[in-house]
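Undergrad: Sequence:
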Amino acid sequence: MLKAAVIGVGSMGRNHARVYREMENGVKLVAVADSDEAATARVGITYNVAHYTDYVKMLDEQKPDLVSLAAPTGLHKVIGTELIERGIHLLIEKPLAKTVDEGQALIDLARKKGVILSVGHIERFNPAIMELNRRLKEGMAGRIYKIHAQRLSPYPSRIKDAGVVIDLASHDIDLMRHLMGNDEIVRLYGETLQSINSDREDMFNGLARFRSDAIGVLDVNWVTPTKVRRLAITGARGLFRCDLLSQELFFFENETAPSQWDTLSVLHGVSEGNVLGIRIRRHEPLAAELKDFTNAVANGQEPTVTGEDGLQTLRIALDFVQSAKSGEPISLKRMAVT
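Using my numbering, the letters of the sequence shown correspond one by one to residues 9 to 346.
Since the hints were derived computationally from the structure, they do not count as laboratory data.
Hints are not guaranteed to be accurate.
[To be verified] With a Cα cut of at most 30 Å, we get these calculated BS3-like pairs of lysine-lysine:
(1) LYS11 <-> LYS85
(2) LYS71 <-> LYS106
(3) LYS120 <-> LYS85
(4) LYS106 <-> LYS120
(5) LYS341 <-> LYS36
(6) LYS106 <-> LYS65
(7) LYS154 <-> LYS71
(8) LYS341 <-> LYS85
(9) LYS65 <-> LYS235
(10) LYS85 <-> LYS106
(11) LYS299 <-> LYS106
(12) LYS154 <-> LYS333
(13) LYS11 <-> LYS71
(14) LYS11 <-> LYS36
(15) LYS36 <-> LYS85
(16) LYS121 <-> LYS65
(17) LYS121 <-> LYS85
(18) LYS120 <-> LYS299
(19) LYS333 <-> LYS235
(20) LYS11 <-> LYS121
(21) LYS11 <-> LYS106
(22) LYS36 <-> LYS121
(23) LYS235 <-> LYS299
Note that this is a predicted model, so its numbers are computed, not measured.
All chains should be built: construct the whole structure from the sequences, respecting the hints.
TA: Next comes the structure, spelled out in structure tokens:
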């Protein structure tokens with residue numbers, strides 16, 4: 009039986025605790041910890057598990073096999089190091105760390121200690137994204153020209169130590185990397201605005217050029233009075249449109265494209281064709297994410313989202329922030345994790 013614990017019981021941490029509590033087949037939630045005594049007590053009582061304000065004491069007494077770390081980003085390095093040094097397998101809610109150096113240090117230590125390190129890029133486990141990824145790999149869209157992500161929200165009071173690029177846009181940066189496969193970002197440019205928050209950016213628009221010449225567009229903010237989570241991919245054979253909230257996926261065919269994709273075919277035009285609504289087997293992304301993580305721990309295998317994935321996404325997000333500050337595009341070297 010794998011013993012699970014959660015450190016940090018804010019909005020995401022509470023959900024991690026809930027999902028672990030609902031798990032069967034060899035996983036048991038044993039404890040939660042948070043510096044907020046009232047919050048950790050509420051979660052502990054709700055799920056009938058031990059609750060602590062001192063996570064080190066929790067580790068000493070409960071000895072968990074794996075932990076979800078959902079504390080503020082600035083604490084990821086120090087808490088993550090403590091967990092890995094103890095040989096505890098770790099899923100860190102995105103972003104991996106505050107800086108690239110801190111993220112790399114966690115990866116290096118996990119590798120040295122033989123600890124599984126995963127990062128909570130939950131949208132990879134959205135069933136609509138999973139189906140979209142499968143169909144892209146089959147070549148349904150043909151050559152990809154553009155990937156456009158839109159992620160809009162009201163301002164979240166919970167965010168204390170990150171701007172909208174790191175906290176919100178990192179979801180879509182990771183999705184772009186994931187869906188584009190081996191196609192790397194070679195150049196990027198960002199623009200940000202501080203419209204409500206006086207300390208950090210709350211609006212972000214980004215452009216990315218991939219090695220294949222495909223273009224990535226990001227439209228992300230915290231100043232919209234409703235949630236929007238959409239992704240569109242334009243290819244030679246048509247357009248995929250995905251709604252991540254409703255878990256819906258549509259494909260708009262380019263009637264002019266060849267009926268059977270041939271990489272040697274010449275595309276002579278674009279015209280409206282059939283619209284295909286793609287059936288999605290819906291599930292909760294967090295449940296799928298934690299199942300993937302616990303299976304990786306149980307079987308000694310690599311999780312779907314690795315520490316290296318989290319580091320690459322963090323690096324790109326920070327480059328977008330730097331580009332916005334400088335007003336200049338940034339050309340990226342081939343990004344290899346050491």
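Undergrad: Could you tell me which of the hints above the structure violates, numbers in ascending order?
TA: Violated hints: 5, 7 and 9; rest satisfied.
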